[in-house]
Amino acid sequence: DVKVTQSSRYLVKRTGEKVFLECVQDMDHENMFWYRQDPGLGLRLIYFSYDVKMKEKGDIPEGYSVSREKKERFSLILESASTNQTSMYLCASSPLGARLAEAFFGQGTRLTVV
Amino acid sequence: QQPVQSPQAVILREGEDAVINCSSSKALYSVHWYRQKHGEAPVFLMILLKGGEQKGHEKISASFNEKKQQSSLYLTASQLSYSGTYFCGTGSGSARQLTFGSGTQLTVLP
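Residue numbers (this note's numbering), protein chains in the order written: chain A, 2 to 115; chain B, 5 to 114.
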């Protein structure tokens, strides 16, 4: 089975901290995504990557950056965490041609910024 | 730009039918449907592709109206296990990006 693993289920960070959310997939997928999930707003795309060192902004990239140094790992970085970044963060991966293929999601990281 | 889902929430009794709609302002190449149970990751249900090809599983079906850029998910004879939040995801423009709607919370009561 495809597995997408996020490093933490729950995180509590202080305002202004630099925060790293890690995601690893084991199926050699080209595409990886970071979504933010908030009540009533659904899943909003922050960034995605279609190859090592390649990235594209999604719908809400402000305040975030990403890193993909290896194919299996995609990191989301909050440069200076703020309380409005408190949310559930979901990582996903899919084979090449995301619009044609099933995406596999991780369990999510619930981040609280205090 | 996120696709728009309706209704936002629906409550039904076991055995009843439900329809969830998804529409986009962009020309669509594909529509994905996922279900997320509370505290779990979203799980793939099916993809509908431009041109009519359809994939799926379980006893849930869907349609894709390319001209109207809309998709509908049909749940017939609902089971308790159908409860969860349903998301549609749309692929358009870039082949790599998958954009999801705000979700429809479905509750099936015994």
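Simulated from the structure, these hints should not be mistaken for lab results. Nothing here was measured: the structure is a model prediction, and the numbers come from that model. We treat Cβ as the ideally placed atom computed from N, Cα and C, and that holds for glycine. Watch out, some of these pointers could steer you wrong.
[As the list claims (entries may be wrong)] Label-pair ranges, simulated between beta-carbon atoms:
(1) R74(A) x K54(B): 38 to 48 Å
(2) R111(A) x V8(B): 24 to 34 Å
(3) F21(A) x E20(B): 42 to 52 Å
(4) M55(A) x Q5(B): 31 to 41 Å
(5) N85(A) x V23(B): 45 to 55 Å
(6) M55(A) x L84(B): 40 to 50 Å
(7) V115(A) x Q12(B): 42 to 52 Å
(8) K58(A) x E20(B): 36 to 46 Å
[Said to hold, decoys possible] Coverage of chain A stretches by chain B, computed from C-beta distances (three or more under 8 Å per stretch; other residues unrestricted):
(9) 17-25
(10) 72-82
(11) 102-115
[As the list claims (entries may be wrong)] A few chain A residues that don't get close to chain B, going by computed Cβ distances all over 12 Å:
(12) V5
(13) Q7
(14) S9
(15) L12
(16) K14
(17) D29
(18) N32
(19) K54
(20) S68
(21) S88
(22) L91
Checked hints:
no. : hint                         : result
1   : R74(A) x K54(B): 38 to 48 Å  : violated (33 Å)
2   : R111(A) x V8(B): 24 to 34 Å  : holds (26 Å)
3   : F21(A) x E20(B): 42 to 52 Å  : holds (46 Å)
4   : M55(A) x Q5(B): 31 to 41 Å   : violated (22 Å)
5   : N85(A) x V23(B): 45 to 55 Å  : violated (35 Å)
6   : M55(A) x L84(B): 40 to 50 Å  : holds (43 Å)
7   : V115(A) x Q12(B): 42 to 52 Å : violated (30 Å)
8   : K58(A) x E20(B): 36 to 46 Å  : holds (42 Å)
9   : 17-25                        : violated (count 0)
10  : 72-82                        : violated (count 0)
11  : 102-115                      : holds (count 8)
12  : V5                           : violated (8 Å)
13  : Q7                           : violated (9 Å)
14  : S9                           : holds (15 Å)
15  : L12                          : holds (16 Å)
16  : K14                          : holds (21 Å)
17  : D29                          : holds (16 Å)
18  : N32                          : violated (6 Å)
19  : K54                          : holds (15 Å)
20  : S68                          : holds (18 Å)
21  : S88                          : holds (14 Å)
22  : L91                          : violated (7 Å)
Hint compliance for this structure: hints 1, 4, 5, 7, 9, 10, 12, 13, 18 and 22 are broken, all remaining hints hold.
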